[in-house]
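2 protein chains.
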Amino acid sequence: MLDRHPTAAAKLTDILSAITENRSTPAAEIGAARQRIADSDAEVGAFLRLAPDESLDEAASSEGPLAGITVGVKDIYDTRDMATEHGSPIYRGHRPVADASLVSMARLAGAAIIGKTTTTEFASLDPTPTRNPRNLDHTPGGSSSGSAAAVAAGMVPLAFGSQTGGSVIRPASFCGVAGFKPSFRLFPTIGMKTFSYTLDTAGLFAATAQDLALAARLITGRDFGTGSLADGSGLRIGLYRSAVDGEVAAEMQAAVEEAARLLEGSGATLVTVEEPAALTAARSCHAAVQGFEAVMALSDEFRRHREKLGPDLGAVLDHGATIEPAEYDEARRTARIGRKAASALFETVDVLIAPSALGPAPLGLASTGDALMNKLWTLTGNPVVNVPGLAASTGLPLGVSVIARFGRDALALDVARLLQAMIAAPENGG
Amino acid sequence: MLDRHPTAAAKLTDILSAITENRSTPAAEIGAARQRIADSDAEVGAFLRLAPDESLDEAASSEGPLAGITVGVKDIYDTRDMATEHGSPIYRGHRPVADASLVSMARLAGAAIIGKTTTTEFASLDPTPTRNPRNLDHTPGGSSSGSAAAVAAGMVPLAFGSQTGGSVIRPASFCGVAGFKPSFRLFPTIGMKTFSYTLDTAGLFAATAQDLALAARLITGRDFGTGSLADGSGLRIGLYRSAVDGEVAAEMQAAVEEAARLLEGSGATLVTVEEPAALTAARSCHAAVQGFEAVMALSDEFRRHREKLGPDLGAVLDHGATIEPAEYDEARRTARIGRKAASALFETVDVLIAPSALGPAPLGLASTGDALMNKLWTLTGNPVVNVPGLAASTGLPLGVSVIARFGRDALALDVARLLQAMIAAPENGG
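Residue numbers (the UniProt record's numbering), protein chains in the order written: chain A, 1 to 430; chain B, 1 to 430.
Okay, chain A solo, but in the shape it has when bound:
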């Protein structure tokens, strides 16, 4: 049995209960989050800047259902009251006119946008100085580095990120928090800096899958599951065996197998699902789709400010500029075939489970790790939830991905809630 790591301390559901039961107030919760950031962020480095007092005062008086919930927002989302720099010196001090859609919708629901979190440059690869709160010598992952770290450190109960390759699920896994990449385009990406317009997906971080489901519902007005799964009876769980599993660390493989055993033990039917060739092919065309689109999306920055781009992003764009339209079109066709193959998998299983990363967070801050386990599902647009709780012998988290059919986000979250509860249950070693 693998070790466990503790849940992140600030839980959205608990905070809202405390407010509802008059044990706390929105203003008190906002104040507490500010204090936690003041206490912890010097060593973590999750936040770039905090909201002005007047914004937080306004939020404190909200009567929306998320009043009292502080949110860290990745610095590729436009915010009207704070600079939005996309991790790039080209945007130093840039102040958008309007909030990004998801930011505006969260404010409308009463949330307090407490600050902007670090992002790799344009949500690509060049790392930030942010540290992993589970072990400061390790990367928190990227590109949503600050959002994952802010939740993991217990500074805020909710944070916004985005995923074009593996930028939500991977840092969630590395930092030991719940992460949610919804079905493609289910969350609006308007006002989020574009990197790749057929891949960019807005996502959330929270302490638990339950918190993710509640936040998603209150922000969008959609159903994100009921948490009604008392056990796994009736569920068909697919243990996904991909063509690139050979690169996954043994401890991470063990984590997925432990998750499978727990679900099976609670009544689910477990089957092994071998990756179809169409999905192996789809994974391998992610880079061509991303690179070609990024060159268009960042056309002006690339053309006029090449010298201000970091080495990793520069290399991505230099390569992207060599991709001909025909190669891109072929990659998009391969992706479309992969999308159909992914849907077909869910004819026989309800959800798939798979590693959220190759292993625990790598040592050092020079790289944010590898998106190999994530980019296929970003390309296909399937919803993915990272379930935290399992840990390597070093104590570093090992996240498990729950993947559902396109549009079945509620099911992914419900199974993730069940799995997270089972991992944390004392009788299971939690």
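Possibly wrong hints are sitting among the right ones.
Unchecked claim - Output of the computed footprint for chain A on chain B, the stretches with three or more beta carbons under 8 Å from beta carbons of chain A:
| no. | segment |
| --- | --- |
| 1 | 91–99 |
| 2 | 218–225 |
| 3 | 290–302 |
Claimed, not checked - If you want the ones that stay clear, here's a sample from chain B, every Cβ over 10 Å from chain A, calculated:
| no. | residue |
| --- | --- |
| 4 | Leu2 |
| 5 | Thr394 |
| 6 | Glu427 |
It should be emphasised that the hints constitute simulated quantities derived from the structure, not laboratory data.
The beta-carbon is built from N, C-alpha and C at its ideal position, and this holds for glycine as well.
Since the structure of chain A is provided, determine the placement of chain B on it from the hints.
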């Protein structure tokens, strides 16, 4: 036989030939366009602001393939050297950090972005003061009002617009210019203000379909047809009969029938294609898709600046805010079914032809006209080219749409080039 109207005076292909043959220079062409704007725009009102001298000086020295081509850009596209106001007082004086992707790509090809053209508010319905150069008492259409008018008046050989309902094809029809709405997402929309993210499509205006094809190729590096169709032999042309054709004016029906006869006379096989029920249903769900997405896209503006919105946009958003996620999801499913039905139509015909608008440009500037003929193809994402040349008895243009299978933009442009040439041929009354 219907009347003819003259082609817009500034032709991209002719200008590039003159430069190649040393009969002109980029600097001379830029200067000539400035003079034409100075001469004509006081009465037309197509331009909001012109580029600073240094931008045009830089463009004049470009060696790109579009050097000397002046471009009017709808004011929902970000430009780094000019304000970008989206037709809204909320964005008064707003200066983006970077160019929109299409603007940057055009500059990279050597084009001179000469100024920003009028747009209805956020590319919706509230009209601009722009007049139709074919008859100043009539609307130029919208939402890309200024771009269509600037080309029609011969001020510039190329202009950028966008279409969410009928905002490229309708004003192109009203103003008697060629208009191109590419397959959905073929042109990048990054840096273009979002109204509806599954509908918004970047598009072009020029004097001729030939000019559109050349501009599209030089900006994107893609194939947009060869113009090799000497006649219609081998082509299967579908005369599209929609469920809403009863609303089309008799003269417009006559224009489409004349286009059909011309193509048939040149050797094409003409068939009548009755609209399948799936496409009638798709058209009717356009408003739900657009309204729901617009409320998210303009969330911050709608929430904080409701009083600064025009009456038409305000009504669209007020209604959009009443649309539940389930209704939107159902509308998206209907759209997806429609998309497949549209593809099936092209199993038996190469292209469809249909009215580009209900009739000629309406009298007055209080409305930009109706998008009923266009919104189905925006929803399905099929490429559409407006072919100009035919005119009502009043002299006002009557545009014919050439619609092709998704991704067959080159074919749509090739057939449009053939049709435009036939309309203009003296033996056919041109």
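*Checking against the hints above, which ones are violated?*
The structure breaks none of the hints.
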